[in-house]
Amino acid sequence: MDDTDNEVINSISDSDQNAHSLHISEVRPLSKSFKEVFQDFENSCISCFSILQNSQNINKNKANHERRISIWNTFESISKNFLESIDKLNIPEWEILKNRDKGHILRHTLGSLIALMLNPEYYNLSEYDKNLLLWAILFHDIGKRVSPEVYNRDPFHPFLSAKILLKVFVEFGWIKNIEYANKIAEIIGKSFVIKDMDEVIDHSYIKIILPLLWYCTRMVNVLHEEIQEYVNIEKITEIEDRFEYEILVLVLLHQSLEFNPQYPNRENITIDDIKNYLSPRIVYLSMILHKADHNSYNLGMIPYNLFPNDLYITRVCNEIIEILNANFYKND
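Residue numbering for the sequence shown follows UniProt numbering, starting at 1 and increasing by one per position.
Worth flagging that the hints you see were computed from the coordinates, not collected in a lab. We treat Cβ as the ideally placed atom computed from N, Cα and C, and that holds for glycine. Incorrect hints may appear among the rest.
What the hints assert, rightly or not - Simulated restraints on C-beta separations:
#1 Thr270 / Glu240: 26 to 32 Å
#2 Glu84 / Glu238: 29 to 35 Å
#3 Asn124 / Glu179: 38 to 44 Å
#4 Ile271 / Glu84: 39 to 45 Å
#5 Ser126 / Asn90: 36 to 42 Å
#6 Asn99 / Ile236: 27 to 33 Å
#7 Asn268 / Asp241: 24 to 30 Å
#8 Gly103 / Ser204: 31 to 37 Å
#9 Asn298 / Ile323: 25 to 31 Å
#10 Leu125 / Glu322: 19 to 25 Å
#11 Tyr215 / Lys235: 14 to 20 Å
#12 Glu229 / Asn90: 19 to 25 Å
#13 Ile96 / Asn232: 34 to 40 Å
What the hints assert, rightly or not - Each computed DSSO-like pair below joins lysine-lysine, with the alpha-carbon atoms no more than 27 Å apart:
#14 Lys235 / Lys207
#15 Lys130 / Lys275
#16 Lys130 / Lys235
#17 Lys176 / Lys130
#18 Lys176 / Lys235
#19 Lys207 / Lys190
#20 Lys275 / Lys235
#21 Lys275 / Lys190
#22 Lys207 / Lys275
#23 Lys190 / Lys176
#24 Lys176 / Lys207
#25 Lys98 / Lys130
Using the sequences provided together with the hints, build the complete structure.
Following this line, the structure appears as C-alpha cells:
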C-alpha cells in the first residue's frame, strides 16, 4: 500500500469506527466442521442426480416452473438435513438470513448450492477449490437486505456479506488480527456511495481492502514489500494460508466481474485491480460461483450443463483469463 492508502485508512473517524466495527464478542468454537457438513450435502446431491435426470426426462414436456417444483421436491429432505447441520454451527448471522425476506434469500442460497452441484465444472476442481466455492455460496448473500424479486438488486450486499463473513472468521479464531479486521470493516462502510441518484459500491476502495486482507490472514507470514500482485502470492504461499482471503474475495467481488452483460453490474472492478488482487484461478472460480448464483433461478432448465447464457459466460471468463495470463506470465 502507498502513502495515499495509509492516509485514507488513518483518516477514518472514531464515529465511523463505531458505526462500522465488527463488534467481536468472543471466539466461539465450531461444533462440527464445514467439511463434514458439505461432504454430507454433496454426497446427497450426487445420489439424487440420477433421480433428477430421470425426473426431468420424464417431465421434459412440462412447463419450466413445474420442473422446478419437481427439483425442489426432490431436494426437500436434503435441504432439511443440510439446514439442520448448518444450525449446529451456531452462526447467529445465518439465523438472521433464514428469516429475512420471508425466506426468499435462504431459498436462493440453497438453490445456488444445488445449481453449483449440478455443474460438471464443479467436479473437476480440487477439493480445496470445491470447499472455497461451498463457503462462498453459503455466505454470498448473507448481507442481502431484500431479494431481487422485491427490489431489483441490492448492490451493497456483496461487500456487506464479506464484512459479516470476516466477523465470522474472527469469531472462529481463523483470523486473529482484529485491529486489521476492524479497519477493513470501516473501509467497507466507506465504500457505499450514491452516484447519479443510485446506490453503488465505490470500487476504488478495493486497492485498500484487499491488501489489508493479505496482512489480516495467515498469508502475512510470507509476505514482503516486493510483492505487488496476488498471482505471486499464490506461488509462495501454502493453499491453507490463503483459505480465508480467497473465500472473502469470492464473496466481496461476486457482482464486480462483468461475466454477463445481459445482467450488468452497477459497477465493476477495474482490469488493473483484477491484475493486482486476483489470478486466473480466482477468476475461474468466480465464474463458477456466478453461474450457480444466476442458475438458482433456472433450476428447471434442461440439460444442467447448458443453463441459459452459460456458454457465453464461459467465453467471457476465458477472455479475462487470457488477458491475465498475458500479464502474469510474460516474463516467465
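request  = Sort out which numbered hints this structure fails and list those numbers smallest first.
outcome  = As far as the earlier hints go, 5, 6 and 12 are violated by this structure, in ascending order.
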